[in-house]
Amino acid sequence: MGILLNIFFSKLILNIEVNHSNSYIREKVINELKKNNISKYKFKVSFLKREEIVNKILDENKDLFEWIEIEEVGCKYVVNVERRKLNKKEEVCVNRNIVAKKNAFIMSITATSGEVRKKKNDYVLSGDVIVSGVIYNKEDVVSYKCATGKIYGEVWYKVDVFLPVNYYEENLTGRSKISLDFKFFNKEYLLLNSYINYRKKNIINFDSSLLPISFGISRYLETNVVDYKYTLDNCSDEALKIADKKIRDKLKDGEEILTKKVLKKEVNNSKIRVEVFLKVKEDITSYQEINNINSQDGG
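The working numbering applies: residue 1 is where the sequence shown begins, and numbers increase by one.
Just so you know, these hints were derived from the structure itself, not from any lab. Here the structure is a predicted model, which means the values were calculated and not measured. Just so you know, not all the hints are guaranteed correct.
Restricting the straight-line Cα-Cα distance to at most 25 Å, the calculated cross-link-like pairs of lysine-lysine (DSS-like) are [what the hints assert, rightly or not]:
| hint | residue 1 | residue 2 |
| --- | --- | --- |
| 1 | Lys252 | Lys85 |
| 2 | Lys11 | Lys40 |
| 3 | Lys229 | Lys252 |
| 4 | Lys85 | Lys56 |
| 5 | Lys85 | Lys101 |
Cβ pair distances, simulated, as ranges [claimed, not checked]:
| hint | residue 1 | residue 2 | range |
| --- | --- | --- | --- |
| 6 | Ile3 | Ser176 | 38 to 48 Å |
| 7 | Lys11 | Ser194 | 42 to 52 Å |
| 8 | Asn61 | Asp244 | 28 to 38 Å |
| 9 | Tyr136 | Asn103 | 42 to 52 Å |
| 10 | Asp244 | Lys187 | 41 to 51 Å |
| 11 | Tyr41 | Phe277 | 42 to 52 Å |
| 12 | Ile196 | Gly127 | 56 to 66 Å |
| 13 | Ser194 | Asn103 | 19 to 29 Å |
| 14 | Asp253 | Leu12 | 40 to 50 Å |
| 15 | Ser286 | Ile178 | 17 to 27 Å |
| 16 | Phe105 | Ser194 | 48 to 58 Å |
Where is the CB? At the ideal position from N, CA and C, for every residue including glycine.
Make a model of the complete structure from these sequences and hints.
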């Protein structure tokens, strides 16, 4: 039996490891392999079949992958990936103004071309001209430019967060182990598992037709269980954390949350609604072509 199990597991894919720093690329490769019947706990394929699958994935994703290699290491596949680098087309800068993308208090103005029409701490509405590409000499238009620069502003948000009064969550920790399990008269014994909370995935199972006994090999995935009751007194920290993440996930480099606070809390049926106010430093730079506006009015 031991020899048979050893042969059986040597034919299985117990793990797939994708070597790339970008999480999207790693996930994309895993999904493409699944589409071609390569995934954890399935049987390995021949070298020629792997090459055929690699060529198919490359052919279907010409703009994404430059090169893929699937290497068999023990009971796992190690996938090396190189992303394709596309040449960026040089942008032609047209005559334009820099305008506010949204309502905000201006925090900073960096202009490398054009005439600055606003100043720090000014409140601007969406579409207001901050740096004009229309250059005047007194009242006469003397030239048009492609206004360039970057504007940061303080933007305000109100976020509604809803929390259940009774909260239960079970999350995988990322840790797992393969273990033996043994069942006798419907009572199960776990031989190598030490996790308190876990999910079980059967890999292989053997049942006896003569005796009330069975044994198998399973993967045990450790879980972290949260069982909590929210009230108006203890919900603020969690609401602030959720509101922070909602906004932070949309931010780009150079942007940040400045302050946040709870404005209102109320219980509605089995949920608690928390209204959170946030001040955010954002890039509010947007552009407006001069050809599409009244060029005699620079802002």
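Verification of the supplied hints:
Distance hint between Lys252 and Lys85 is fulfilled; the C-alpha atoms sit about 22 Å from each other, no more than 25 Å. Taken as a hint, the Lys11 and Lys40 pair is honoured in the structure, with Cα atoms around 12 Å apart against an allowance of 25 Å. A threshold of 25 Å between alpha carbons decides the hint, and for Lys229 with Lys252 the separation of about 35 Å lies outside it, so the pair is violated. Simply put, Lys85 and Lys56 have alpha-carbon atoms about 19 Å apart, close enough for the 25 Å limit, and the pair holds.
About 30 Å separates the Cα atoms of Lys85 and Lys101, which puts this hinted pair outside 25 Å; it is violated. For the pair Ile3 and Ser176, the supplied restraint of 38 to 48 Å is violated, since their beta-carbon distance comes to about 26 Å. In this structure the supplied range 42 to 52 Å is violated for Lys11 paired with Ser194, their Cβ-Cβ distance being about 28 Å. Distance hint for Asn61 and Asp244: a CB-CB separation of about 35 Å, consistent with the stated range 28 to 38 Å.
Between Tyr136 and Asn103 the CB atoms are about 27 Å apart, so this pair departs from the stated range of 42 to 52 Å. With their beta carbons about 47 Å apart, Asp244 and Lys187 fall inside the hinted range of 41 to 51 Å. Under the hint 42 to 52 Å, the C-beta atoms of Tyr41 and Phe277, about 48 Å apart, fit the expected range. Roughly 58 Å separates the CB atoms of Ile196 and Gly127, a value that falls within the hinted 56 to 66 Å.
A C-beta distance of roughly 56 Å is found between Ser194 and Asn103, which places it outside the suggested range of 19 to 29 Å. At about 43 Å, the beta-carbon gap between Asp253 and Leu12 stays in the expected band of 40 to 50 Å. Look at Ser286 against Ile178: about 54 Å separates their beta carbons, and that is not inside 17 to 27 Å. The hinted window of 48 to 58 Å between Phe105 and Ser194 holds, with their beta carbons roughly 56 Å apart.
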